[in-house]
Structure formats: C-alpha cells, structure tokens
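Working from the sequences, and respecting the hints, build out all of it.
Chains as they are written, first to last, in the working numbering: chain A, 1 to 227; chain B, 1 to 227.
Think of the hints as simulated: they come from the structure by calculation, not from any bench. We treat Cβ as the ideally placed atom computed from N, Cα and C, and that holds for glycine. Mixed in with the good hints, there may be bad ones.
[Stated by the list, open to error] Computed cross-link-like contacts, DMTMM-like style, restricted to lysine to aspartate or glutamate with a CA-CA straight-line distance of at most 20 Å:
| id | chain 1 | residue 1 | chain 2 | residue 2 |
| --- | --- | --- | --- | --- |
| 1 | A | LYS143 | A | ASP86 |
| 2 | A | LYS143 | B | GLU219 |
| 3 | B | LYS6 | A | ASP86 |
| 4 | B | LYS157 | B | ASP22 |
| 5 | A | LYS6 | B | ASP22 |
| 6 | B | LYS183 | B | GLU226 |
| 7 | A | LYS6 | B | ASP211 |
| 8 | A | LYS143 | B | GLU147 |
| 9 | B | LYS157 | B | GLU199 |
| 10 | A | LYS143 | B | GLU75 |
| 11 | B | LYS182 | B | GLU147 |
| 12 | B | LYS143 | A | ASP211 |
| 13 | A | LYS177 | A | GLU226 |
| 14 | B | LYS143 | A | GLU53 |
| 15 | A | LYS143 | B | GLU138 |
| 16 | A | LYS220 | B | GLU138 |
| 17 | B | LYS6 | A | ASP211 |
| 18 | A | LYS183 | A | GLU219 |
| 19 | A | LYS182 | A | GLU138 |
| 20 | A | LYS143 | B | GLU226 |
| 21 | B | LYS221 | B | ASP211 |
| 22 | B | LYS6 | A | GLU53 |
| 23 | B | LYS143 | A | GLU219 |
| 24 | B | LYS221 | A | GLU138 |
| 25 | B | LYS6 | A | GLU147 |
| 26 | B | LYS143 | A | GLU147 |
| 27 | A | LYS6 | B | ASP86 |
| 28 | B | LYS182 | B | GLU199 |
| 29 | B | LYS214 | B | GLU138 |
| 30 | B | LYS220 | A | GLU138 |
| 31 | A | LYS6 | B | GLU53 |
[Stated by the list, open to error] Reference excerpt, derived from the structure (chain B facing chain A, CB under 8 Å, subset only):
| id | residue |
| --- | --- |
| 32 | HIS3 |
| 33 | LYS6 |
| 34 | ALA34 |
[Stated by the list, open to error] Covered, in the sense of this in silico footprint (three residues per stretch, anywhere, with C-beta under 8 Å from a C-beta of chain A), are these stretches of chain B:
| id | region |
| --- | --- |
| 35 | 10-17 |
| 36 | 87-96 |
Protein chains: 2
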Amino acid sequence: MNHTYKYPRPALTVDCVVFGFDGGDLQVLLIRRALEPFQNRWALPGGFVHLDETLDEAARRELEEETGLREVFLEQLHTFGAVDRDPRERVVSVAYYALVKPSAATAATDAAEADWFPVASVPPLAFDHADILAAALERLRNKLRREPVGFELLPPKFTLSQLQRLYEAVLGTTLDKRNFRKKVLGYDLLVPLKEKHREGAHRPAQLFRFDPVKYRRLEKKGFLFEL
Amino acid sequence: MNHTYKYPRPALTVDCVVFGFDGGDLQVLLIRRALEPFQNRWALPGGFVHLDETLDEAARRELEEETGLREVFLEQLHTFGAVDRDPRERVVSVAYYALVKPSAATAATDAAEADWFPVASVPPLAFDHADILAAALERLRNKLRREPVGFELLPPKFTLSQLQRLYEAVLGTTLDKRNFRKKVLGYDLLVPLKEKHREGAHRPAQLFRFDPVKYRRLEKKGFLFEL
DNA sequence: TGACATCGTGTCAATTTAACACTTAATTCG
DNA sequence: CGAATTAAGTGTTAAATTGACACGATGTCA
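This is the structure:
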C-alpha cells in the first residue's frame, strides 16, 4: 500500500547516541549495518518515525528494537538535515542521546551486532553519524557540568571515586579529589548508605545514592548544579 | 504532479521564533494566519522544507518570504513532533530562533500581517506555537548568560546602559550598574568609539561596538563569556 | 606482620562576587 | 543664565568561592 502526497517529502528518522561508562572510558553503543548503503559499517541505532508516535516514542522504540535498552535517560539533541546525508534520498534525522547504567549496558551487548566502543576510538561510521556523535559528546559535557545527570551512567549505589572518574572521563580533565568531594557533598544531594564498597586490597569506600526528589525541589527554586 | 512513497511520511516544516528588542521589552515577531486552520490567529513564521535545501536554508527562506528579514542570527532550537500538533495531518516541525537588530526589525514590520509583540503579552497562538515560544525564551536566557549574543539584538553601536537594559529585559532581573559594567568591560570585547550617544536632557553616553574577531580568538582558547 | 592500594579528610591564600552612593555632563525651563 | 532634571560614569570593601596542596586510615594479600 503506497502513500501519495502533493509535494515531495523527506523521510524522517531518529538516531540515538547511547553513552555508557565502564569505570574507565566513556563508551558509545554502535550497531553494525546489515544492509546497503554502508553495509557492515558501524552506525548509530535508529530508524523511521511512524505516524502514530511522537519523536521521543520513536527514539525509544528504535532503541529497544535494536539494542534491547528500555527506560533510559533520553533527550533530544539536534536535527540533522544536510541534503545529501543519505546517498539514497533525502532523509532528515532527529538525533537523541541516551545515558544508560552499567546494569542495562551489559544487556545491550547481547543484542545482535551491537557493541560498545570507547568514544576516543570509534570505528568509521555510516552517514553523518560521526557529526552526530561529536554533537552529542559536546552536549553531554555541557549537561554534565550543569545538571546532575552523571548518576544516569552509574549504578544506583556508587562511590565518590567512581563519580569522580566519570567526570574526568567525560570532561577529559583531572580533578582534585578533596575539592571534588567537598563540592559534590556540599549540594547535599547524595545520601550515604550503610554499605561499603569493598574491592581490591585496600580500604573500602562509602557507597552513596543520588536523591532525585531533593534535587527536583532545589531545581524549582532556581538552583544550579555546577561542577 | 504527485509523489508516492512505500510508507507514510510526516510533513516537515520549520518555524522561527524571531526575537527583537526595542530598548524596553523583548519582542517576538508573529504572523497573522490567512488560512485555516487557526485562520486569523497569530503564529510563528514558518513553512515546508523543500527537498533541495537544508533545514537552516529552509528557515532562512521562510523567514525572508514571510517577514523580509535576511542575514539574522539563526540557530536551531528543538524539533516538535507531537502526533496531533496539526489538526490536519502529521506535521513535524524543526523550530529555530532568530535574533534581529533594531534596523532590520523595523523593516520586518512592513511585511503584510506581521507584527511585533512583547513576549510578556503575546496573543493566543496557533498550533503548539506557545510551547515553541516558551522553549525559545528559555534557550535565549541560557544563551545570553553564557555567550555574547546580546549584541545581535542591539544596533552596531550601543551604550552600556542599552546592553544592561537588554540583559535585564531578557533575564527578568535587575542588575547592579557598576558590577555590570566592570564585568562586561573586563572581557575586553567592547571597543569604545569616538562618538557619544546623545539623547534626552542628560549626560551623553559612550558608544561601543562588539569585537567578534577578538571573541572568536578567545573562544577557541576555551574562554567562556558568563554573566 | 609488613607491604600495598585506595579511601577520606582540612587549611589557607587568592580570586571572585555582591553590596553600596555620589559626582559629572548634558538639556530644559523659568 | 542659573537652577532643576536626568541618565552617565566611577571604587571600595566585606563575604563567599575557588584552587592548591599532603598525609593518616583501613582494608587485603602474600
């Protein structure tokens, strides 16, 4: 069954830049393309927008279909509309970026032909996906410095060292341990748990969880998380 | 001549939130709709994306066609894709926001059925344009605090008081005159001109212009304009 | 029990921010 | 022509924030 319009229309797709963190590097989830064009190249997960779903819904659906990921942090990034970004025909793509916790991340690896790559060493990508990734990275860096989204990339219980390593990996800087802890704890948004994280031959670390309720209260009063 | 596709496609449009500043209020440029739906309602300028133009090009073309504005500051904002945002059929709209200088702004008023409204008192808008306007305002506030874009809303030669009034109008705050001047001049991005601005029964004010070249140099070194 | 590895903690100097009021230079009006 | 009016222009200080910096604590393992 075909569909006919008076004027030509671009095809509309969504693409997702999925970020994960393994404790060392910031990672991106890529899909190996089965079909032409760019057959066998790595690409961002994505696909066509259906008429009965919003853009956000399309992004979540494609994400689940292609990677098995559900209920992740997801935010619209930018819409890419270069005329020749797809060699077949005009395709406009609404790009999203997602942040996934390590638990979910391992599940995604099971998906056929999906794999994680450190952002510093991604293979050549299909279409203009390298541009999309670059934009997503820049956005993530800004977001992380201004809003408490880092927790979306960590397990529900985490140590301050893990949090600091995440910031260092994303921002590409190195931070002073004492100043970092002072600042983060000063916001009073992390609640210490009764448990400790023991791993390796050294002193165990205090575990924390992020308090999103308290954050939303502060947020409404014009509070800004800055790092 | 019709166009047929295997799967249905949403229509794709661009819409522009055009901001101006008259020295007192932040203003938005609206178009009165000639046709149904929302006949006679005010709406954002915009229209369909052609297949042979990028999204940015489409936004600029529509802006010129509907308001006569050219060569303005223009940046993509967000893409709006609620399923029922247009009562006729599925339409996805890539929203932009533009900043125009007073000289250009007066030209725009000549356009048929276009008019400026203070953002604080816009009439009811067609479609989801109120949402788009709200998003644009929020974006403009953030942008203004972090990057020197205020100059896009002022004449090429302006006084510090004009600049301050602009910041106050957009941010909805009131700023300390001495601290404001200290900070802005401290960046060394404003060059004082030989002229003075004389107006009214009082001391004339020093005119400045913004130095974009110097700014781009600083920007590359990771400089952040913050206010 | 000693070596090892990461966790956790405080001070101080330098910088930045925020609060605050009067003189200057033009115009207008009596 | 001088007095009133209006916005322009200008510095100081206290308070808060930032950034640099080093060592004892607590666990494991050989």
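Hints, verified against the model:
With a CA separation close to 29 Å, the supplied pair LYS143 (chain A) and ASP86 (chain A) exceeds the 20 Å bound. Among the hinted pairs, LYS143 (chain A) with GLU219 (chain B) is consistent with the structure: their alpha-carbon atoms are about 19 Å apart, no more than 20 Å. For the hint pairing LYS6 (chain B) with ASP86 (chain A), the CA-to-CA distance comes to about 17 Å; that is within 20 Å, so the pair holds. Using a Cα cut-off of 20 Å, the hinted pair LYS157 (chain B) and ASP22 (chain B) holds, with the two alpha carbons roughly 14 Å apart.
For the suggested pair LYS6 (chain A) and ASP22 (chain B), the alpha carbons sit about 42 Å apart, so the restraint of at most 20 Å is broken. For the hint pairing LYS183 (chain B) with GLU226 (chain B), the CA-to-CA distance comes to about 9 Å; that is within 20 Å, so the pair holds. Between LYS6 (chain A) and ASP211 (chain B), the direct Cα distance comes to roughly 48 Å. Violation of the 20 Å bound is thereby established for this hinted pair. Our distance criterion of 20 Å between C-alpha atoms is met by LYS143 (chain A) and GLU147 (chain B), whose separation comes to about 16 Å.
In summary, the hint linking LYS157 (chain B) to GLU199 (chain B) is supported, as the alpha carbons are separated by about 14 Å, within the 20 Å threshold. For a cut-off of 20 Å, the pair hint linking LYS143 (chain A) to GLU75 (chain B) stands: about 19 Å separates their Cα positions. Distance restraint check for LYS182 (chain B) and GLU147 (chain B): the Cα-Cα separation of roughly 17 Å lies within the 20 Å cut-off, and the hinted pair is therefore satisfied. For the proposed pair LYS143 (chain B) and ASP211 (chain A), the alpha carbon gap of about 28 Å is over 20 Å, so the pair is violated.
The suggested pairing of LYS177 (chain A) with GLU226 (chain A) holds, with an alpha-carbon distance near 16 Å, which does not exceed 20 Å. The suggested pairing of LYS143 (chain B) with GLU53 (chain A) is violated, with an alpha-carbon distance near 31 Å, which exceeds 20 Å. For the hint pairing LYS143 (chain A) with GLU138 (chain B), the CA-to-CA distance comes to about 15 Å; that is within 20 Å, so the pair holds. Simply put, LYS220 (chain A) and GLU138 (chain B) have alpha-carbon atoms about 14 Å apart, close enough for the 20 Å limit, and the pair holds.
A threshold of 20 Å between alpha carbons decides the hint, and for LYS6 (chain B) with ASP211 (chain A) the separation of about 48 Å lies outside it, so the pair is violated. Straight-line distance between C-alpha atoms of LYS183 (chain A) and GLU219 (chain A) comes to about 17 Å, which keeps the hinted pair within the 20 Å bound. For a cut-off of 20 Å, the pair hint linking LYS182 (chain A) to GLU138 (chain A) is broken: about 26 Å separates their Cα positions. Taking the CA atoms of LYS143 (chain A) and GLU226 (chain B), the gap is about 16 Å. The hint holds against a cut of 20 Å.
Restraint check for LYS221 (chain B) and ASP211 (chain B): the C-alpha separation of about 16 Å stays at or below 20 Å, so the hint holds. Between LYS6 (chain B) and GLU53 (chain A) the alpha-carbon distance is near 18 Å, which keeps this suggested pair within the 20 Å criterion. At most 20 Å may separate the alpha-carbon atoms for a hinted pair to count; LYS143 (chain B) and GLU219 (chain A) meet this at roughly 19 Å. Of the pairs offered as hints, the one joining LYS221 (chain B) and GLU138 (chain A) holds, with about 16 Å between alpha carbons and a cut-off of 20 Å not exceeded.
Between LYS6 (chain B) and GLU147 (chain A), the direct Cα distance comes to roughly 43 Å. Violation of the 20 Å bound is thereby established for this hinted pair. A C-alpha spacing of about 16 Å is found between LYS143 (chain B) and GLU147 (chain A), which places the hinted pair at or below 20 Å, so the restraint holds. As the CA atoms of LYS6 (chain A) and ASP86 (chain B) are separated by approximately 17 Å, the hinted pair is consistent with the 20 Å bound. Between LYS182 (chain B) and GLU199 (chain B) the alpha-carbon distance is near 24 Å, which puts this suggested pair outside the 20 Å criterion.
Proximity of LYS214 (chain B) to GLU138 (chain B) is assessed by CA-CA distance (about 27 Å); at most 20 Å being required, the pair is judged violated. Of the supplied pair hints, the one linking LYS220 (chain B) and GLU138 (chain A) holds, its CA atoms being roughly 14 Å apart against a limit of 20 Å. A hinted pair counts as satisfied when its Cα atoms are at most 20 Å apart, and LYS6 (chain A) with GLU53 (chain B) qualifies at roughly 18 Å. Among the interface hints, the one on HIS3 (chain B) holds; its C-beta lies about 4 Å from the nearest C-beta in chain A, closer than the 8 Å criterion.
A hinted interface residue such as LYS6 (chain B) counts as satisfied when its beta carbon comes closer than 8 Å to some beta carbon of chain A; here the least separation is about 6 Å, so the hint holds. The beta carbon of ALA34 (chain B) comes no nearer than 19 Å to any beta carbon in chain A, farther than 8 Å, and the hint placing it at the interface is violated. Against chain A, the region 10-17 of chain B contributes 3 residues with a C-beta closer than 8 Å to a partner C-beta. That satisfies the three-residue criterion, and the hint holds. With 3 residues carrying a beta carbon less than 8 Å from a beta carbon of chain A, the region 87-96 of chain B meets the three-residue requirement, and the given coverage holds.
Checked against the numbered hints given earlier, this structure breaks hints 1, 5, 7, 12, 14, 17, 19, 25, 28, 29 and 34; the rest are met.
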